[in-house]
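Working from the sequences, and respecting the hints, build out all of it.
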Amino acid sequence: MKTKRELHLGGLIFIVGLGVLLAALLNQLGFGGAPMEVGQGMNALGGATTGAGNIVTSVVLSYRGLDTLGELTILFTAATGAGMLLARSREAELADAAAPGAIVRIAADLLFPFLLLLGFYIIIHGHVSPGGGFQGGAILAAAYFVPLLTGAGRGLDERSASLIEGLAGAAFIAIGLLALAMHHGFLAPIGPRGTLGHLFSAGSLPLLSSAIGLKVGAELAGVLAHMGQLEEKP
Amino acid sequence: MIWIVLVLVVLMLGSALAVLYLRDLLSAVAASAVVSLLLSLLFVFLRAPDVALAEAVVGAGLSGVLFALVVRRLPKGADA
Amino acid sequence: MHATDLFTIGNLLYAGAAGLLLIGLYGLVAKRNVLRALLALGLLDAGGNLLMVAVGYRPGADAPIAVGGMFPAGMVDPIPQALILTAIVIGVGVLALGLALAVRVYETWGTLDLQVMAERIAAGDRRSRQDNIPVPAAGSAVSETEEQSA
Chain B
403 MKTKRELHLG GLIFIVGLGV LLAALLNQLG FGGAPMEVGQ GMNALGGATT GAGNIVTSVV
463 LSYRGLDTLG ELTILFTAAT GAGMLLARSR EAELADAAAP GAIVRIAADL LFPFLLLLGF
523 YIIIHGHVSP GGGFQGGAIL AAAYFVPLLT GAGRGLDERS ASLIEGLAGA AFIAIGLLAL
583 AMHHGFLAPI GPRGTLGHLF SAGSLPLLSS AIGLKVGAEL AGVLAHMGQL EEKP
Chain P
173 MIWIVLVLVV LMLGSALAVL YLRDLLSAVA ASAVVSLLLS LLFVFLRAPD VALAEAVVGA
233 GLSGVLFALV VRRLPKGADA
Chain Z
362 MHATDLFTIG NLLYAGAAGL LLIGLYGLVA KRNVLRALLA LGLLDAGGNL LMVAVGYRPG
422 ADAPIAVGGM FPAGMVDPIP QALILTAIVI GVGVLALGLA LAVRVYETWG TLDLQVMAER
482 IAAGDRRSRQ DNIPVPAAGS AVSETEEQSA
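Top to bottom, those sequences are chains B, P and Z. So for the first sequence, the working numbering puts the first residue at 403; every next one is plus one. So for the second sequence, the working numbering puts the first residue at 173; every next one is plus one. So for the third sequence, the working numbering puts the first residue at 362; every next one is plus one.
Label-pair restraints from in silico Cβ distances:
hint	chain 1	residue 1	chain 2	residue 2	range
1	Z	Thr369	B	Asp511	48 to 54 angstroms
2	B	Leu565	Z	Ile451	22 to 28 angstroms
3	B	Pro515	P	Arg195	38 to 44 angstroms
4	B	Gly587	Z	Ile451	23 to 29 angstroms
5	B	Leu420	Z	Pro433	35 to 41 angstroms
6	P	Arg195	B	Ala576	49 to 55 angstroms
7	P	Arg244	B	Ala450	47 to 53 angstroms
8	Z	Ile451	B	Gly435	25 to 31 angstroms
Per the computed footprint, the stretches of chain Z lying under chain B, defined by three or more beta-carbons under 8 angstroms from a beta-carbon of chain B, are:
hint	stretch
9	387-399
10	410-420
11	442-450
Under 10 angstroms between C-beta atoms, here's a sample of chain Z residues computed to sit facing chain B:
hint	residue
12	Leu374
13	Pro425
14	Ile426
15	Gly429
16	Gly435
17	Asp438
18	Leu458
I should point out that these hints are in silico values taken from the structure, not numbers from a laboratory. A quick note: this is a predicted structure, and the numbers were derived from the prediction, not measured. Positions of the beta carbon are idealized from the N, C-alpha and C atoms, including for glycine.
Printed below as a string of structure tokens:
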């Protein structure tokens, strides 16, 4: 083992040069003075067009809906790749056979429903307060970690997780195609607008949020399950 | 207001250096979770609550857990 | 220009973002452990995200969310926030894939050190999945005779 830290000289010179370049660039940019023309237009019209109180959610789900579809594809590819790379035979599932104590088990059983509730709350309220599909989906996946602590493979059936993921992704695309069939455009906001700031408003946006949340949650929970089933260290 | 931002930025850069230079891999993972937490506080200051929520859950939660699940399966001599 | 003129919030945030970018980049280039390189990649992501959200800020403006049914008077730019939201989730997807690759690479070559790995790849020196002992390359009769004669 090296006891002396060696510095990578080429790397140091590179980042010094890059630092000078970034400093010059950011000096030119200035802070807080961006023209923001498209952003101002979206701020002014976003609430009225989609009926959502959260303009960032309306940008993510309707103005830049195609970007969201691309992001869902990327996440699906990454999760599928990770699952393929980490595929194990059945007997490796019981590798982590250390039984947890009573405190961990009881606390996990009490905590898990509240975490799920928090995740669903943030997903559903994505159009009236900060939140949305991605955040809530990530909370759902993180909530899955709690039963994972009490025993590997418990709490998530892999088949039902991939079923949820596939159905949610298909639902997202189906709602977009429905908007196309109604001659508004792919992934355009459809449905009754409602009043700003109420839970039942913004038409199809809560449905899109729910689809994204379930998909992201199931995918990341599947990745966590694969990571949790790694074999014992040699 | 500027002092809060100063403290957050200094702590964040310090934790980033700790990610690279802490010898134990599990401590480096914890330092990266600290970086994500302070970054989400900076996002709150920049009036971006959705981004702060996403960064807090993903960076300080999922990312750290994924790393820790991998690191615990490795033997001790695999650090550098 | 005095030194205290440089002590503004904007300069601090830009310095923080640039610092994260540079530290992450140095870690990616200089570190030999694969997992530490992945951590540095995460730092790189964080620096880029902070930079983009900081560009969209407008002093004195509020978050683009309706409070009590009404939008605030001045709002920050919502477009960088939407894009960075996507970027954060993609970052965790890339991290998951990178970790899976690191696990398989460790199982195949028996080490996480990139330099040692390069030597073993050049020598064609694989490890078996369970016991970390060398195995001959699959389906090659030549390497098997070489193993026997070595």
